[in-house]
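Dock chains B and C against chain A, hints included.
Chains as they are written, first to last, in our numbering: chain A, 1271 to 1400; chain B, 579 to 1245; chain C, -9 to 87.
I should point out that these hints are in silico values taken from the structure, not numbers from a laboratory. Treat each hint with caution, since some may be false.
[To be verified] Listed next, with one range per pair, are the computed distances between beta-carbon atoms:
(1) A:1318 - B:1163: 32 to 40 Å
(2) B:1227 - A:1284: 41 to 49 Å
(3) B:911 - C:73: 26 to 34 Å
(4) B:1189 - A:1288: 44 to 52 Å
(5) C:78 - A:1288: 39 to 47 Å
(6) B:1133 - A:1283: 54 to 62 Å
(7) B:948 - A:1383: 25 to 33 Å
(8) A:1283 - B:1163: 45 to 53 Å
(9) C:29 - B:1012: 58 to 66 Å
(10) A:1294 - B:1018: 28 to 36 Å
(11) C:86 - B:889: 52 to 60 Å
(12) B:1226 - A:1276: 35 to 43 Å
(13) B:636 - C:49: 33 to 41 Å
(14) B:1043 - C:78: 36 to 44 Å
[Claimed, not checked] Pulled from the structure, derived: some chain B residues nowhere near chain C, Cβ distances all over 10 Å:
(15) 602
(16) 622
(17) 689
(18) 906
(19) 973
(20) 1040
(21) 1160
(22) 1170
(23) 1186
(24) 1203
Glycine residues also receive a C-beta, built at the ideal position from the N, C-alpha and C atoms.
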Amino acid sequence: MTGRPRLVIALVVASLLAVFLVYQGFVSTGTLLVSVSQLNSDRDGAAHKKVNLTGVVVTASGTDSPLRFVLKDDATRATVPVAYTGSVPDAFKPTRHVIVTGRMQDGVFVGEPDSLLTKCPSKYSSGGSG
Amino acid sequence: MTTLGRVALYLVFALTVYAAVAGVLAGRRGDRRLMRSARNAFWAALAATLVAVVSVEYALLTHDFSLAVVAEHTSRRLPTGYTLSSLWASEAGSLLLWLAVLTGASALALHQNRRRNRELMPWVAAVLGGIATFFAGLAAFVSSPFAHVAGTVPVDGAGLDPSLQNPYMVAHPPMLYLGYVTMSIPFAFAMAALITGRTDARWLVSVRRWTLVSWAALGTGMLLGAHWAYVEVGWGGYWAWDPVENAALMPWLAATAFLHSVIVQEKKGMLKVWNMVLVSAAFSLAVFGDFLTRSGVVQSVHSFVQSPVGPYLLGFVAATLAVSTALIIWRLPLLRADHRLESVISREATFLFNNLLLLALAFAVLWGVVFPILSEAVRGVRSTVSAPYYDFFLVIFGLPLLALTGIGPLIAWRRASPDSLVRTFRWPVVSALSGAALLWLLGLGSSTAGLTALSLCIFVTVTVGLEFARGTAARRALAGGSIPRALVDLVGRNRRRYGGYVVHLAIVILVVGVTASSAYSTVREAHLGVGQTMVVDGYTLRNAGVFQRKGPNYTFQYVRLAVSRGGSPHGTLEPGQRVYDTGQIGNEVDIRSSVPSGTDLYSILQGVDRDASGGVSVKVLVNPAVGLVWLAGVVFLLGALITLWPDPREARQLARRYGELLARSGA
Amino acid sequence: MTAAAAVAAAAALVMLAVVVVAWPFVSPEREQPEERLSDEDRRRLALAEARDAAYASLRDLEQDLRTGKVTEADYEAERDRLRADAARVLRELDRLR
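Okay, chain A solo, but in the shape it has when bound (with noise of 0.2 Å):
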């Protein structure tokens, strides 16, 4: 491949790269995920954006709306209360690990409606809804 048809190929991939650096520098880049100890550790300024936060259920009040539940670290004794809306996975329960995406707010960290996701325990299961 000579001349043209060269110069064109080669025009097109430098504007597909550029199509993510675009997207990288412009466009936010993403949600931090983060666990309990990280969020009360404001690690990466985790306790003043949205983040998707991880942890065990401890325990959960019910069915009540919002739903208020304490997530436990995986590693450490740190804790945090949840209050949240939206469709709640099947699977929920104590001792489940969740991802759940929202903010701290006065101590409470509030979840944004649906995001909650449960990963299920046994191997080769779906968690729960989307």
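Only chains B and C this time, still in chain A's reference frame:
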């Protein structure tokens, strides 16, 4: 029985090792008997794998809870069908399924080519043997289905997760595995071609057909999974860009690129390096996809606990990439193109752009999947990406791809003159523009991407229609006959091309369905006391009370929603919750699909008031045209089938060409 | 299944596998066309493929003309090119005979 199964599994490992070694020796010495022995070893490995499968199924059916796979995924009350299919609900069991498909496909591929490609096949056997050895090793030594349950043997098992007790979830893993595993075959052929330095037309035919099988299976598997997510997981959508979904998408994209790019190699002897790279990428991504699904290394609704096979799979992917890269670089001189690209306005160029865009999309998806791991490694905190990221790249790479779907078939080889361009694209472009205007007037301009996608769909549909129409007319001009006859003839003589057009139509249907159901859907949440109503997009739903009924292994509590539209009754919806005997809870959505428009009325029960007043919280969605997504799957399979259907004329021509040669060399 | 039966079945399976794998070495040679190609044969095969590819391209070109994808002028220019390619391949094939 489990003893028999265990022995069988060790035997499989021994046989695959033998097959790999025999393959290498047969290749180096040109020993035909070693080759046949290696081929037989695959058949024997298949038989032994099936014995292991039967052992596990026997343990499942007799509720032998001393085995971990039985105790963790079944229970006595589980319906028999699901007990049988729970073979692939467990990680070790699914590995066995993988192995069964791998040994079976390998034996078949070697059998099909037992009189052809004589110099190639020993190395194909060697590569397949190597791959099979790896997976057999995992199944026999790392994650065995015959592993004992930890602690004491339970009286009853944990039961199958309720969301998996669904026909789609029964079919989805085997279909996906068929896709992942059969990608090994084209990969093995490609590596063998590089090792021996031999490629010819027959090699290309074999590689193409197996890739087609893999690609069709992956596509179907993804749609089955999407349908399961839609009816069972129940959030109102069907694709969440979950890492495990992406795991199947990436190899599918690479395989799509390969299937198109290989046409150029066949007709013009170009893009040879591309094709080697694409087939290696497709296989590596397939195994990487398996790694993502099993290792739990990225957060996913489907992800498992850290599985022991994870690191091995990753190592295997790395080794595959290293070996294929080395082989490609070594054989670069062999892969020189026969012709040069002369113009960017040519069919060759559109295929090249097709490759670039598909690869770019696959890379974008890959980046989104591994980004959390990389960000954690670099910054210490995980940063995840979600739907907006993927949607952005899907639109920006997908729309040009959609355009190419229409442009490619109509543009001339080598160099298309402006005159011919005007002539061929006049009607499609005019239709698309007027269609766009019409859609905009109908109010669909709310989403620019949606409007563009739909207009491009019109463009592609018109080009495909023109192809069929013009082709039929040309056939009739040549050979006479009625229109249906000419059409059948046309497709029969050129199955690949017209089968491909049917697949393009399936893609169009899919795009319409996806665009309509995502860009133009409505969602409402409400709390309804008994007798209260809510309105969603013209539908009125009334709470007609909360009821209970018993199933084989569960109790089902549901709300009856009476639906009406424009004052007249429109049936009922009964979303609810199943409480299984094992204590697990499963939410069951209820969907009402309207057949002509494919629009779904989708209801989710979010909560029942605890005061037993019959009040409920529900979420209702109206998803327009979502039925088209499933229809697309059917058309997709039809197109793939047409393309796969063997062409006796092509086979005869290949045989004759080879026969000429042998006659001449006096063999 | 008793332990003895399991062992017997396992042994039978292993023996069957050994027999299947060893069979090609002990069974009599079956007559099959030998496909050991010399370099010259390989060259001939490649040329035969190039010849068939050129013919196929010509047929495709005719189809493209009939369905209006190329203009008459484009068709004639490309056809002459493809015919020249085919002729060149045929000459080389002749030379090898």
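| field | Outcome for the supplied range 25 to 33 Å, where the beta carbon pair is residue 948 of chain B and residue 1383 of chain A | value | For residue 948 of chain B and residue 1383 of chain A the Cβ distance comes to about 29 Å; the hint holds.
| query | Is the Cβ of residue 602 of chain B farther than 10 Å from every Cβ of chain C? | reply | holds, 16 Å
| query | Is the hinted range of 32 to 40 Å satisfied by the C-beta distance from residue 1318 of chain A to residue 1163 of chain B? | reply | For residue 1163 of chain B against residue 1318 of chain A, whose Cβ atoms are near 36 Å apart, the range 32 to 40 Å holds.
| said: According to the definition I'm using, a residue is off the interface if its beta carbon is farther than 10 Å from all beta carbons of the partner; does residue 1186 of chain B meet that for chain C? | reply: Given that every Cβ of chain C is farther than 10 Å from that of residue 1186 of chain B, nearest at about 49 Å, it holds.
| Cβ separation of residue 911 of chain B and residue 73 of chain C, checked against the hinted range 26 to 34 Å | holds, 30 Å
| Against chain C, does residue 622 of chain B keep a CB gap of more than 10 Å to every residue? | Answer for residue 622 of chain B: violated, closest chain C Cβ roughly 4 Å.
| query | Is the distance from the Cβ of residue 1227 of chain B to the Cβ of residue 1284 of chain A consistent with 41 to 49 Å? | reply | holds, 44 Å
| message | Minimum C-beta separation from residue 1170 of chain B to chain C exceeding 10 Å: can you confirm that? | response | holds, 44 Å
| task | Taking the shortest Cβ-to-Cβ distance between residue 973 of chain B and chain C, state whether it exceeds 10 Å. | result | holds, 30 Å
| For residue 1203 of chain B, which was marked as not at the interface, is the minimum beta-carbon distance to chain C over 10 Å? | holds, 32 Å
| Assessment of proposed distance window 36 to 44 Å (beta carbons of residue 1043 of chain B, residue 78 of chain C) | holds, 39 Å
| request: With 58 to 66 Å as the target window, see if residue 29 of chain C and residue 1012 of chain B comply at their CB atoms. | output: Because 60 Å falls inside the window, the suggested range holds.
This entry does not satisfy hints 4, 13 and 16, going by the numbered hints stated previously.
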